[in-house]
Amino acid sequence: MSVLLSVQNLHKTFLQRQGLKQVSFDALRGISFSVEAGQALALVGESGCGKSTTARLITGMMPASSGSISIQGTPLVNLKKRRQRMIYRRAVQMVFQDPFGSLNPTRTVRHHLERPLRLHRSELSKVQRLHRINALLERVELTETDILSKYPHQLSGGQRQRVNLARALAVEPSILIADEPTSMLDVSIRLDVLKLFRQLKEQQQLGLLYITHDIATAQYVADETAVMYSGQIVEFGSTEQLINHPQHPYTRLLLSSVPDPTRSYQALLEQEEDFRHQADRIRQFSRRPGKEYRKHADNHFVLLQE
Amino acid sequence: MKQPLISIRNLCVDYVTGDQFFRAVKDVSLDIAESEILGLAGESGCGKSTLAFSLLNLHQPPAYITQGQILFQNDDILKWPLNQLNRFRWSQVGMVFQSAMNSLNPVARIDKQFLDVLARHTTMSKDQAISRAEEMMALVDIPLSRLYDYPHQCSGGMRQRIVIAICLALSPRLIIMDEPTTALDVVVQREILQQIHELKQKLDFSVLFITHDLALMLQFCDRIGIMKDGEIVELKDRATLYEKPEHSYTRQLLEAIPGRHLFGRTWHEPLPEVSP
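Chains as they are written, first to last, in the working numbering: chain V, 1 to 306; chain A, 1001 to 1276.
So that you can see chain V by itself, here it is in the shape it has in the complex (with noise of 0.2 Å):
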């Protein structure tokens, strides 16, 4: 299978004025993994952890302070070119966390899908176009008449994240990430919508980045999870393995924390009072700096720390 997106040993340290001095943040502190065609990864962590600030790398957003990126074997350097600049957007797409906040609100969904085609597949006719974006529609299942006339207030927070799938998928990218898709979203559909990116990810052979805080969701989408803190990867492994192993404590507290209707929270305070503490605990022991990664078995690695 070809390596769509590698990412090797990435770093990136923000630099804060704090009055008269300088003081430095670590973000990310040496991040590496790989994905393949048809295949996902979910980047699981806390706010804070990096996450969002590997996309922005990956994106092109903002420059790496050190580590490489490559698409499809192509190194991510300072892209000057608006060439090369739209070769690379076109080759990797974005979905974002807020379905309203990223579709204009004074534009129709027509024109949330018929620009990326003007810009980058501008070979298109109208007609051709057209009928690219009503398969667009189609394979994202919005399929409700005169929708393309519709604003996005309009449309539910499902429909909304719909039409930015489509959106990103319009200029046939090769690989998509997605920022949080469902956080915004009503748990009652949220599973509608993560089967969807499940089910375009293996049809288009796309690798997909799903970065999310919700490990639980983390199963329907993805075939592999890398597990962040304080910008480092803790654990890594085929998803069904870390869910069902958790190695490191981090990964534990994660799960532990998902809500489970079969334990009420009158029981937990009986079972484990000391709760927050642990949690405390875990957390400043999983930000000290890694040593190297543990081969805990075929395809699931654990950091081992200081």
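Accuracy of the hints is not assured; some may be wrong.
[Said to hold, decoys possible] Take a look, some chain A residues computed to stay more than 12 Å from chain V by CB distance:
| # | residue |
| --- | --- |
| 1 | F1053 |
| 2 | E1134 |
| 3 | K1200 |
[As the list claims (entries may be wrong)] No more than 25 Å apart at the CA atoms, straight line, and that leaves these computed lysine to any residue pairs for SDA-like:
| # | chain 1 | residue 1 | chain 2 | residue 2 |
| --- | --- | --- | --- | --- |
| 4 | A | K1236 | V | R263 |
| 5 | A | K1236 | V | E270 |
| 6 | A | K1202 | V | K150 |
| 7 | V | K150 | V | R139 |
| 8 | A | K1200 | V | E270 |
| 9 | A | K1236 | V | S264 |
| 10 | A | K1026 | A | Q1153 |
| 11 | A | K1244 | V | R139 |
| 12 | A | K1228 | V | L142 |
| 13 | A | K1228 | V | I189 |
[Said to hold, decoys possible] Quick look at which bits of chain V chain A covers, simulated, 3 or more residues with Cβ under 8 Å:
| # | region |
| --- | --- |
| 14 | 188-196 |
| 15 | 247-260 |
Treat the hints as calculated values from the structure; they're not laboratory data. We put the beta carbon where it would ideally sit given N, CA and C, even for glycine.
Fit chain A to the known structure of chain V by using the hints.
Quick look at chain A alone, frame taken from chain V:
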């Protein structure tokens, strides 16, 4: 059932637009008992937040309560004059809003925000108010020095706990929590909810908990009402609702919970011991 603290009787809330109206809450009756945690679950737009706002009579045009009663100690709060309502809000019923961590004033230090609430609703002196604020911060496990920080210096989870502390400072009988943890990640969510349970045991208040996350609600609440299109379609205690849902919509919601494969797993306990 225990004595109801608040009873909602045949409540209707309408949003008036031009010459039409949209009925967001349709003839709902509901009791919240003393020291009970009652949950209201439903999709966005089902009327659950509208219902919560009615409990404090907070609606502003174009929303109107067109029918029904809200009885607090057998007295209909909808008939109260504004000054009586203002005394009732916060001191008897507190509210933690959706994305509450952004409901702190960004340009005021946290101690000031405590003092505001306490000065308005009590006759405490400044020193008394500060010691009350310190007491509340200790209760939610936040170092006292944080009292003199600005909200942006605290993490999201911490800000959420501060809002809850401010809400509890007047010892209300009921706290309404409207999606209190949606913007937080799961570990922080569990920390906060576990803490609310602890506080409830200590201080004995009732909670009306509103969310669209049914899994969380089943874990957190004693009784749960499922709302759809402005009506409560099913209202049961948590175990019965989970094991024997009757309404088709409830079953649908239950089936849509992600992470079913993770429920009741043994690796939950114990969390590994690590040396810091």
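We went through each hint and held it up to the structure:
no. : hint              : result
1   : F1053             : holds (20 Å)
2   : E1134             : holds (20 Å)
3   : K1200             : violated (10 Å)
4   : K1236/A / R263/V  : holds (17 Å)
5   : K1236/A / E270/V  : holds (24 Å)
6   : K1202/A / K150/V  : violated (52 Å)
7   : K150/V / R139/V   : holds (18 Å)
8   : K1200/A / E270/V  : holds (14 Å)
9   : K1236/A / S264/V  : holds (15 Å)
10  : K1026/A / Q1153/A : violated (43 Å)
11  : K1244/A / R139/V  : violated (37 Å)
12  : K1228/A / L142/V  : holds (24 Å)
13  : K1228/A / I189/V  : holds (15 Å)
14  : 188-196           : holds (count 5)
15  : 247-260           : holds (count 10)
The structure fails hints 3, 6, 10 and 11 (numbered hints given earlier, in ascending order).
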